[in-house]
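Protein sequences, first through last, are from chains A and B. For the first sequence, counting from 1, position 41 maps to 41 in my numbering; every step adds exactly one. Numbers in my numbering are just positions in the second sequence, counted from 1, shifted up by 1000.
A portion of the hints provided could be inaccurate.
[To be verified] Pair ranges (Cβ atoms, derived):
#1 Gly1201/B to Arg209/A: 43 to 49 Å
#2 Ala28/A to Leu1021/B: 48 to 54 Å
#3 Arg57/A to Ala1417/B: 44 to 50 Å
#4 Val1511/B to Ala426/A: 53 to 59 Å
[Said to hold, decoys possible] Just a sample of chain A residues kept apart from chain B, beta carbon distances all over 10 Å, derived:
#5 Val296
#6 Ala364
#7 Arg456
#8 Pro464
Derived from the structure by calculation, the hints contain no laboratory data. Just so you know, even glycine gets a beta-carbon here, dropped at the ideal spot from N, CA and C.
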Amino acid sequence: MNPPAQALLVSVLAVPALGALVVALLPARHERGGRVLATVFAAITFVLTALLAVPWRSRGPWIDLKAAWVPTLGIDFHLGVDGISYPLVVLTGLLTLLCCAYTVWKVPEGGLGRGRTLAALLLVLEVGILGTFLALDLVLFFIFFEVVLLPMYAVIAGWGGPQRRRAARKFVLYTLFGSVLLLLGVFTVVVAAGTGDLLELTGGTGLSRTVQCAAFALFAVAFAVKAPLWPLHTWLPDAHTEAPTVGSVILAGVLLKMGTYGLIRVGVGVTPLGAAWAAPVLGVLAVAAIIVGSLVCLRQTELKRLIAYSSVGHMGFVLLGIATLTATGLQAALIGNVAHGVITGLLFFLAGAIKDRAHTGSLADLGGLRETAPRLAGVLGFAAIASLGLPGLAGFWGEAFAVVAAAERGGPLWTTLAVLAAIGGALTAAYFLRLLRRVTHGPASPAVADFTGIARPEWLAWSPLVLLALAIGLVPALALAATADPVAALTGALP
Amino acid sequence: MTQTVNHFALLPLYAAGGTALLVLVMEIAFGRYALPAGLAGGLATIGAAITLALRPAATFCGPEHCSWVSGPQAAVVAVLFAALTIGVLALSAPALRAGIAPAGEFCFLLTSSMAGGVVIAYAGDLITLVVGLETLTLPLYVLVGLRRFAPRERVTTTGASAAVTFFLVSVISTAVALLGAALLFASTGVLHLAVLTEGTGTLAPLGAVGAALLVIGFAFKVAAVPLHAWAPATYDGAPVPVAAYLSTASKLGGVVALAAVVQRLDTGPLVAILAVLTMTVGNLVALRQTRMVRLLAWSSVAQAGYILAPLAAGSAGVPAAIAYAVFFVLLEFLAFAVVVALRGPAADGGDLTDYRGAARGNPWLGAALVLAFAGLAGLPPGLSGLFAKVTIVAALINAGWGWLAGVVALNAVIALAYYVRVTALLYARPTTVGIPLADLPDVSEAPAPDASAPDTSAAEEPTPASAEAEAGATMTAVVDPELLEAATHPRAGVPRVVVAAIAVAAAVTIVLGFAPQWIFDALIG
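One chain only, chain A, in its complex shape (with noise of 0.2 Å):
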């Protein structure tokens, strides 16, 4: 492997981590600089991330990095990108990035205060889960995995609404708890095979039918707790409604994401015998989330609670996805990642807005945004409809393909679930349209009388995300251009 691309990925989590040390460090009185340098450090990663794809190529890490670190616990510093990772490196990127830009214009109200603080902790967030994406041995996975509890908990308890110190608390042990199971599954693979090396371990080389099952019991509770996968899903809706917008953003699209990429990357490659014999039982769940995250919605009465409830029907779908176990299903889960992280970020942004101006994200309160502020309503139908997956939007493809490939799998039990996921899909479009009827339609309530435009902050950190969810939508190859190969040699391994 050539040495700068190495540099490269080793800076993708070196600059952000000294950004973080940087500004923390700055003297008091630099508080909109410090939130001003964060940005710039989180951009310089943003371009860094980007460039990642130039050594591309279709077999194997396009850049692959090695070293010993712990040999006693058997960890390797190794990190490598491919398609799978890829497109989710560029999002946490481009998210963080949009994040500590609008940081710089606007500091939740209450809690630390201090902005730069929580520039900062966005940066740490950025290096964990970044971290998450590119490991390539399973302990340093689960290193990052850990990186990002605590700083998010502090992002919520700190920055948060009324009732931020419980929602926090409650996320932070509930996916504590996700993080201690993949700790023992991740011992349970590496003691088995002696050897924590994900290229070598997937397709499940060297493991027993045995350890796999148990290992993939475990590691599929793990990612379940922060997918989150339905009935395991609880912290969610609390730790949203209550975070700050930024919080939200990169908690919605890409921390939930380490969920899923952890079951596609670990669940699947390292135990495709112990995920083949789960299957069902994830079928059944996903199909469970979509079904109970879709009647919740059409129940909710606040904004940001139906916004984080709707990421469950539609984690729900990604997980069928992988539940399939086909090829198709599989790219259905990563291009519908991608997707939900793009359009639900936007959402919170959008939610963020509205609740900053109206005090209140109480659906009866809201109404007639339209009247009052017509581009804001006009964004937030935007990403409402391209959350229900119209097509030619990004939501289109990982719902439409889940429900297809579970269709293909064919069998009495594959075709009800394919039945009922997209009966699910109806109710996410009958929960989006109504959330436009209550907030967007009728007459203008009091909350919204008085609101102001969209600040050109805003537009700058909306635009990205708005054209990335037209873009994906028409070229869904942009997310998935480079996924054939790696995930023809995930499902290759599966019985």
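With chain A fixed as given, assemble chain B onto it according to the hints.
Chain B in isolation, oriented as in the chain A frame:
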């Protein structure tokens, strides 16, 4: 029969014991310089231990086995004892300077205790081990109660009662351990650790009882449940630096002693039960603590459980247990050091509510405490706690004790609940002084809260559940809480020596977090 004594092998002991003597002489001859002498002696002990590690030697040898054995693990433990002694001396310096405890006696007792620790590190037979353990503990009975009161200060007896509790429990545990050693010797005829067995034939049951008693006696020292009840009371009654020593060095002594016996005796099930009970009870009770030192005490009970867990796997788990202990004492020392810095020399650990917002005024101390608590919870930003957890779980799964690894993992989740609670409290806003909104005649017509009050956004949606989150949200602010806090809690400067101790501990923690392999290499040699 005369034995040849290899004095080179005894170098660390000479350094440690010499330090204690030097401190005593300094105090008697000059009435001062006790503290510098203790610090210098501690450094000399570290140097001696490293020197010996480079050329390992043994002494007090019988025909086959030796009673004083040096190895890589012994060197690590001896260095750690000396470093912790130096650290605790540094933390105590402000109190000694203020005359809260007599400097000469304090330093002499602490360095004597260090000499005991060094003996434990190099002990090659059960008698030497118990002697070392007693030398480590004996000075601590006095140290726990050693406090002078200023003429008009209210005299409390908590220190004295803590000392008596500690003394009684410790003496009993030593008696139990000695009985165990005696039974083991009676049934097998060996005392050297290298050949320790439970015996065979008709005397095997006696040997098994002896082994169990030995484990139980040492379990007292690490405060393992159900032999833990002395720890929280003793820690809370002792001066904070002494509590730091109790929960780090004293605990380390117990761990090393336990590790020495369990790796050769078949005590797996007993140790496993102790481990499960210790971590679970420690964590559950810690959830409900309202005093800082008690919370740390219960959390260190739980941590002892994590250390015991790999010992259940016998010799395979010993490196993991010692490695965990190294990470743990670093993090625990850091936590106690920050408590000392935040509270000042004369105060005890105080209630948790006393720490409200403490990190807002002292960002560096706050960051150090976050590092320590996150590490104790096994989470980043410092990687040492994470690697400690990973080491334990990996060792247990490797040895086929998967269920115990599961219990450890679930306990880590419980533990995070209280670590997070305390850490969040450090960054909480000071409580608002004012009239509860509910008591005002009509909330809707009440004057809006002062615009400068920070929680105006939260005040608009007061809900009962948020009371705990932000008590200030339901109050009308009559004064800026930050100003009031600054006026009533003036920031006392942290003494330089304490700052140095915290900085060194934090730096070592961070560096070892990124390079844990150094610890494993040092333990393997």
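(request) Classify the label on Ala364/A as holds or violated, using whether its beta-carbon is more than 10 Å from each beta-carbon of chain B. (result) Per Cβ check, Ala364/A is outside 10 Å of chain B; nearest 15 Å; holds.
(request) Measuring Cβ to Cβ, find out whether Arg456/A lies farther than 10 Å from everything in chain B. (result) holds, 24 Å
(message) At 10 Å, judged by beta carbons, does Val296/A keep clear of chain B as stated?
(response) Val296/A clear of chain B: closest Cβ-Cβ about 21 Å, beyond 10 Å.
(request) Determine whether the Cβ-Cβ distance between Ala28/A and Leu1021/B falls within the hinted range of 48 to 54 Å. (result) At roughly 50 Å between Cβ atoms, Leu1021/B and Ala28/A fall inside 48 to 54 Å, so the hint holds.
(message) Does the beta carbon distance between Gly1201/B and Arg209/A stay inside 43 to 49 Å, or does it fall outside?
(response) holds, 44 Å
(request) Can you let me know if the beta-carbon spacing of Val1511/B and Ala426/A is within 53 to 59 Å? (result) holds, 57 Å
(request) Compute the least Cβ-Cβ separation between Pro464/A and chain B, then decide whether it is above 10 Å. (result) holds, 29 Å
(message) Taking 44 to 50 Å as the stated bounds, is the beta-carbon spacing between Arg57/A and Ala1417/B within them?
(response) holds, 47 Å
Every hint from the earlier list agrees with this structure, and none is contradicted.
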